[in-house]
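Guided by the hints, dock chain B onto chain A, whose structure is given.
Listed in order, the protein sequences are those of chains A and B.
Quick note on our numbering: the first sequence kicks off at 1 and runs consecutively.
Quick note on our numbering: the second sequence kicks off at 1 and runs consecutively.
Everything labelled a hint here was simulated from the structure, so no lab data went into it.
Note that the coordinates shown come from a computational prediction; the quantities given were computed from them, not determined experimentally.
Each hint should be verified, as a subset may be incorrect.
Any copy will do: because identical chains look the same in the list, a pair fits if it lies in one copy or spans two.
As the list claims (entries may be wrong) - Think about it this way: if two alpha-carbon atoms lie no more than 20 Å apart in a straight line, the pair counts; the simulated SDA-like pairs of lysine to any residue are:
1. K99 / D67
2. K369 / A319
3. K168 / G188
4. K181 / E282
5. K99 / A182
6. K181 / G146
7. K369 / E185
8. K369 / S322
9. K99 / E176
10. K168 / Q113
11. K181 / P14
12. K181 / W132
13. K177 / H224
14. K181 / E333
15. K168 / G58
16. K177 / D137
Single-letter residue listing:
Protein chains: 2
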Amino acid sequence: MNGLRVMPEETLLPPGSTIGILGGGQLGRMLTMAAARLGFNCHIYAPHGDNPAFAIAGTATAADYDDETALAAFAGSVDVATYEFENVPLATAEFVHEKTPLLPLPNALEVSQHRANEKAFFRDIGVRTADWIFDEDVDIVALHAGEDLNRGTSRGIIKTCRMGYDGKGQVRVSSEKELRKAWQEMPGELIFEWEVPFSREISVIGARTSDGSIKCFDIAENTHEFGILRSSSVPAQIRSATASRAREIAARVLAELDYVGVLAIEMFVVETDSGEQLLVNEFAPRVHNSGHWTEAACATSQFEQHIRAIAGWPLGNPARHSDVEMTNLLGNEVDNWNSHAAQSNSVLHIYGKNQSLPGRKMGHVTHLKALSNR
Amino acid sequence: MNGLRVMPEETLLPPGSTIGILGGGQLGRMLTMAAARLGFNCHIYAPHGDNPAFAIAGTATAADYDDETALAAFAGSVDVATYEFENVPLATAEFVHEKTPLLPLPNALEVSQHRANEKAFFRDIGVRTADWIFDEDVDIVALHAGEDLNRGTSRGIIKTCRMGYDGKGQVRVSSEKELRKAWQEMPGELIFEWEVPFSREISVIGARTSDGSIKCFDIAENTHEFGILRSSSVPAQIRSATASRAREIAARVLAELDYVGVLAIEMFVVETDSGEQLLVNEFAPRVHNSGHWTEAACATSQFEQHIRAIAGWPLGNPARHSDVEMTNLLGNEVDNWNSHAAQSNSVLHIYGKNQSLPGRKMGHVTHLKALSNR
Numbered sequence: 001m002n003g004l005r006v007m008p009e010e011t012l013l014p015p016g017s018t019i020g021i022l023g024g025g026q027l028g029r030m031l032t033m034a035a036a037r038l039g040f041n042c043h044i045y046a047p048h049g050d051n052p053a054f055a056i057a058g059t060a061t062a063a064d065y066d067d068e069t070a071l072a073a074f075a076g077s078v079d080v081a082t083y084e085f086e087n088v089p090l091a092t093a094e095f096v097h098e099k100t101p102l103l104p105l106p107n108a109l110e111v112s113q114h115r116a117n118e119k120a121f122f123r124d125i126g127v128r129t130a131d132w133i134f135d136e137d138v139d140i141v142a143l144h145a146g147e148d149l150n151r152g153t154s155r156g157i158i159k160t161c162r163m164g165y166d167g168k169g170q171v172r173v174s175s176e177k178e179l180r181k182a183w184q185e186m187p188g189e190l191i192f193e194w195e196v197p198f199s200r201e202i203s204v205i206g207a208r209t210s211d212g213s214i215k216c217f218d219i220a221e222n223t224h225e226f227g228i229l230r231s232s233s234v235p236a237q238i239r240s241a242t243a244s245r246a247r248e249i250a251a252r253v254l255a256e257l258d259y260v261g262v263l264a265i266e267m268f269v270v271e272t273d274s275g276e277q278l279l280v281n282e283f284a285p286r287v288h289n290s291g292h293w294t295e296a297a298c299a300t301s302q303f304e305q306h307i308r309a310i311a312g313w314p315l316g317n318p319a320r321h322s323d324v325e326m327t328n329l330l331g332n333e334v335d336n337w338n339s340h341a342a343q344s345n346s347v348l349h350i351y352g353k354n355q356s357l358p359g360r361k362m363g364h365v366t367h368l369k370a371l372s373n374r
Numbered sequence: 001m002n003g004l005r006v007m008p009e010e011t012l013l014p015p016g017s018t019i020g021i022l023g024g025g026q027l028g029r030m031l032t033m034a035a036a037r038l039g040f041n042c043h044i045y046a047p048h049g050d051n052p053a054f055a056i057a058g059t060a061t062a063a064d065y066d067d068e069t070a071l072a073a074f075a076g077s078v079d080v081a082t083y084e085f086e087n088v089p090l091a092t093a094e095f096v097h098e099k100t101p102l103l104p105l106p107n108a109l110e111v112s113q114h115r116a117n118e119k120a121f122f123r124d125i126g127v128r129t130a131d132w133i134f135d136e137d138v139d140i141v142a143l144h145a146g147e148d149l150n151r152g153t154s155r156g157i158i159k160t161c162r163m164g165y166d167g168k169g170q171v172r173v174s175s176e177k178e179l180r181k182a183w184q185e186m187p188g189e190l191i192f193e194w195e196v197p198f199s200r201e202i203s204v205i206g207a208r209t210s211d212g213s214i215k216c217f218d219i220a221e222n223t224h225e226f227g228i229l230r231s232s233s234v235p236a237q238i239r240s241a242t243a244s245r246a247r248e249i250a251a252r253v254l255a256e257l258d259y260v261g262v263l264a265i266e267m268f269v270v271e272t273d274s275g276e277q278l279l280v281n282e283f284a285p286r287v288h289n290s291g292h293w294t295e296a297a298c299a300t301s302q303f304e305q306h307i308r309a310i311a312g313w314p315l316g317n318p319a320r321h322s323d324v325e326m327t328n329l330l331g332n333e334v335d336n337w338n339s340h341a342a343q344s345n346s347v348l349h350i351y352g353k354n355q356s357l358p359g360r361k362m363g364h365v366t367h368l369k370a371l372s373n374r
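So that you can see chain A by itself, here it is in the shape it has in the complex:
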């Protein structure tokens, strides 16, 4: 963990200040819009490419994450910096943080960028996850897992420790033979996890300020297809006690990381004889796809909440005015924009990406269930 370096608690960044964002995707774009509504300017820093955030940011820098000249100029031009994806190189975040406050603190990246670090973090703060084995020697992994796999009572997932997203870098294995084969073929450090027989996947989007105030949005229930988020429904169909526990877990993670900003935690709900059990999957130190519905259904969106937190402002009200279902528009599904635009209880959001690729997140549509039709 890095030493703490936060803005003084009495510092509220005034409108007219500039917020730097590392990363130029749709999350950066939506953060920029939320910041603009509060009177902030944004400076986006991202490598060359199809960066939808560039089109609406007041300032944009297209440069690599190891370009120290460009990074220094970026850091010098902003009042506070943040990041919109969790695979910003840690060295980049730390370099920027030496020159200007970077929130959330780089330690959140350090933990979340390595699955074994993340699992150990959860274990150390008393948050349950799937069982896991982290060892570079496949024989050790096979020693602990092979017999159970071969018995066919449970399955495992081998995941790359770094740079996994949207289901990439994951292979499901049902036997010791499959385990050894996948281990040989997959690149980099690997972690073995027991597959969780979950009934539901949920996520908590929570925010914390530097003075320790925490607010969570209502819990979303998520479905995935091919490892990519397909939809989020709110409220999740879970018991209220389970929802309370999920919020408590989120609050513990936020506090233990001394986190400032919005963070998303994905959890599995497992039905057991003693009720619903929660196993945490992973967290993302940023605004999250499963919180996009907040823009359509809350007074304060997750994007504004993040900007408020890193600017030292009080958190906004996360209350929700409608039940919702948010559906991602992946790849050429966005070509059906006109049918979504014609749905009177739907809020359509398209990211302005130049190129549609299979599975690429091109937009989303939020169906508001409670709104009356006119």
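Only chain B this time, still in chain A's reference frame:
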């Protein structure tokens, strides 16, 4: 009136297209954000100055409204053009419209830019207004109005026919002497109106598509201070029959202008022995300050509704999820942003203007009355 020139009805402008906006103020800024959420790019055209829309538009041109070279380049770079304030010179709008579709059609500007034209338009379509006299000869005006004024039973208002906004270019008169004095001192063409003894001021924000579909937001009740909008409350405290008549008037105006886009109509409510009577004050051929609350309280904001209409999309649902009160932050009132940011049921919007001047619209805050507090 100009000849009709609209996009073919079957033309839905796809995401990725570019929308040109004449005018760079906060209305242009909010239109740009709404357009971006639908995947459109925006090109703002405005004279040099403190243009808050420039900061978030993909492309911006700072040039005068009579710079035909710059206007032609602007028109050539956009798929459809619109305007965000009603004092864009008619010649500018017509020049652009010759090169690319401009919506709303320039005729709406032509009518609204001259108070006598506007009053005659209302009269011709059977919409009641205050009584008025338009004559360049003050003796004629005094002949019709002087006696009543001197009797002290009613007052009049002399208004410049062109370029009035936020109460500028208006003088209230209580005698023939005051009338003659004001007439001599005020510049340009003038119109005399009888002051209306209204109980409330309301406005209807309505939208129309090129195929004639019309939707209105719920009616706002407005208060003004020194001629500048102070607050808008929704719903307006009027009878439902009055609200229906107000919507009917808005629909008639939209249809008679063959209007495409969002239009605002201000009306006076007068209590009479036979109930509430409506007298129309004026219309603005654009999104309007009294509709800013729609961004915080509706699935579709007035800004998105305008973009949808000019892009040939179906109109969105204007339903409202909460009672609201929107308050303008004028001049240095915006310095209290931190107290507004701390109100948990308020949505704060700051326009990012560089300079605060007395009475200048710097932002607004929308209080959501129905949202529960968390």
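| Alpha-carbon proximity context of K369 and E185, limit 20 Å | neither (46 Å within a copy, 58 Å between copies)
| task | State whether the alpha carbon distance between K168 and G188 is at most 20 Å within one copy, between copies, both, or neither. | result | within (13 Å within a copy, 70 Å between copies)
| query | From the Cα coordinates, with 20 Å as the cut-off, is the pair K99 and D67 best called within, between, both, or neither? | reply | Within one copy, since 15 Å is at most 20 Å while 44 Å is not.
| query | Is the C-alpha distance from K168 to Q113 at most 20 Å within one copy, between copies, in both cases, or in neither? | reply | within (14 Å within a copy, 59 Å between copies)
| query | 20 Å Cα cut-off: does K99 pair with E176 within a copy, between copies, both or neither? | reply | neither (49 Å within a copy, 69 Å between copies)
| K369 and S322: within-copy, between-copy, both or neither at 20 Å Cα | both (6 Å within a copy, 15 Å between copies)
| field | Homomeric proximity label, K99 with A182: Cα distance no greater than 20 Å | value | Neither: 42 Å inside a copy, 61 Å across copies.
| request: If the cutoff is 20 Å on CA atoms, where do K177 and H224 land: within, between, both or neither? Let me know, please. | output: neither (27 Å within a copy, 77 Å between copies)
| Copy assignment of K181 with G146, given that the CA separation must stay at most 20 Å | Within one copy only: 13 Å inside a chain, 100 Å across chains, cut-off 20 Å.
| request: With 20 Å as the alpha-carbon cut-off, assign the pair K177 and D137 to within, between, both or neither. | output: within (15 Å within a copy, 101 Å between copies)
| said: If the cut is 20 Å between Cα atoms, do K181 and E282 qualify within a copy, between copies, both or neither? | reply: neither (25 Å within a copy, 76 Å between copies)
| Quick one: K181 to E333, C-alpha cut-off 20 Å, is that within a copy, between copies, both, or neither? | For K181 and E333, the Cα distance exceeds 20 Å both inside one copy (35 Å) and across copies (67 Å).
Taken one by one, the earlier hints fail for this structure at numbers 4, 5, 7, 9, 11, 13, 14 and 15, listed in ascending order.
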